[in-house]
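**Student:** Position in the sequence shown (from 1) plus 20 gives the number in our numbering.
Subject to a maximum C-alpha distance of 30 Å in a straight line, what follows is the list of computed DSSO-like cross-link-like pairs (lysine-lysine): (1) Lys208 / Lys122; (2) Lys83 / Lys96; (3) Lys216 / Lys233; (4) Lys81 / Lys109; (5) Lys83 / Lys216; (6) Lys109 / Lys73; (7) Lys216 / Lys192; (8) Lys83 / Lys109; (9) Lys233 / Lys109; (10) Lys140 / Lys83; (11) Lys208 / Lys140; (12) Lys233 / Lys83; (13) Lys96 / Lys219; (14) Lys216 / Lys114; (15) Lys81 / Lys233.
What follows is a list of derived Cβ distance ranges for each label pair: (16) Ile78 / Ile49: 22 to 28 Å; (17) Leu207 / Ile185: 18 to 24 Å; (18) Glu189 / Ala67: 30 to 36 Å; (19) Arg75 / Asn200: 42 to 48 Å.
These are calculated hints, taken from the structure and not from any lab test.
Keep in mind that this is a model prediction, so the values were computed, not measured.
We treat Cβ as the ideally placed atom computed from N, Cα and C, and that holds for glycine.
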Amino acid sequence: MYFSQTTKSQVINLKEISKGYFGKRLFDITLSIISLITLSPLFFLTAFLVYWKLRRPIFFKQKRGGLNGKPFYIYKFRSMINEYDKDGKLLDDKSRLTTFGKLLRNTSLDEIPTFYHVLKGEMSIVGPRPLIYEYVEKYSDEQKKRLIVKPGITGWAQVNGRNLISWEEKFKLDIFYVENQSFFLDLKIVFLTFFKVIKREGATPPNSVTMEKWEGEKT
Numbered sequence: 021m022y023f024s025q026t027t028k029s030q031v032i033n034l035k036e037i038s039k040g041y042f043g044k045r046l047f048d049i050t051l052s053i054i055s056l057i058t059l060s061p062l063f064f065l066t067a068f069l070v071y072w073k074l075r076r077p078i079f080f081k082q083k084r085g086g087l088n089g090k091p092f093y094i095y096k097f098r099s100m101i102n103e104y105d106k107d108g109k110l111l112d113d114k115s116r117l118t119t120f121g122k123l124l125r126n127t128s129l130d131e132i133p134t135f136y137h138v139l140k141g142e143m144s145i146v147g148p149r150p151l152i153y154e155y156v157e158k159y160s161d162e163q164k165k166r167l168i169v170k171p172g173i174t175g176w177a178q179v180n181g182r183n184l185i186s187w188e189e190k191f192k193l194d195i196f197y198v199e200n201q202s203f204f205l206d207l208k209i210v211f212l213t214f215f216k217v218i219k220r221e222g223a224t225p226p227n228s229v230t231m232e233k234w235e236g237e238k239t
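Using the sequences and the accompanying hints, generate a full structural model.
**Tutor:** Okay, structure coming up:
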């Protein structure tokens, strides 16, 4: 990870921030194991339904930017069909997202496999959401702060609007979390996430099925 205009004192501060709070890894492992055991019936049921409704592959795989910008591949339950036009080009997201796929996203059932990434150490329960890898090189120095902690299954931006807010607002909320992370903030975010999932809030942007592509910081 590279910060073009970062002073020595700022680097030291960023290193301290990146350590997080004492016990965060234990918090991640404990909550992931409990979640995977509790949700295991839903995991297998969802896998069966994805195969039945959408056929193979069952999992969606995509390259994302992780800790310090290091790439990793995230796995989620697939929510779109693979349909192509007459020229062999993949159809747009709106055409490929089925009613069943919308249900998976709105209930966050598609995210169950991401607990595996937490156990593996690639993600945390709470942190900035891992965005597609091509965004990493487009971040400003301020936005790069979101890379000094592990990406999360949920985060401060997710409980404060999720896909109903702009990219700029998301980045500001992510940076706020990075600079203010604590055990109690994580507990608050997990608690709020539970109710957001129950209410199915913010999973789908207005007038679209997926968040519009981010083109980089506006100048």
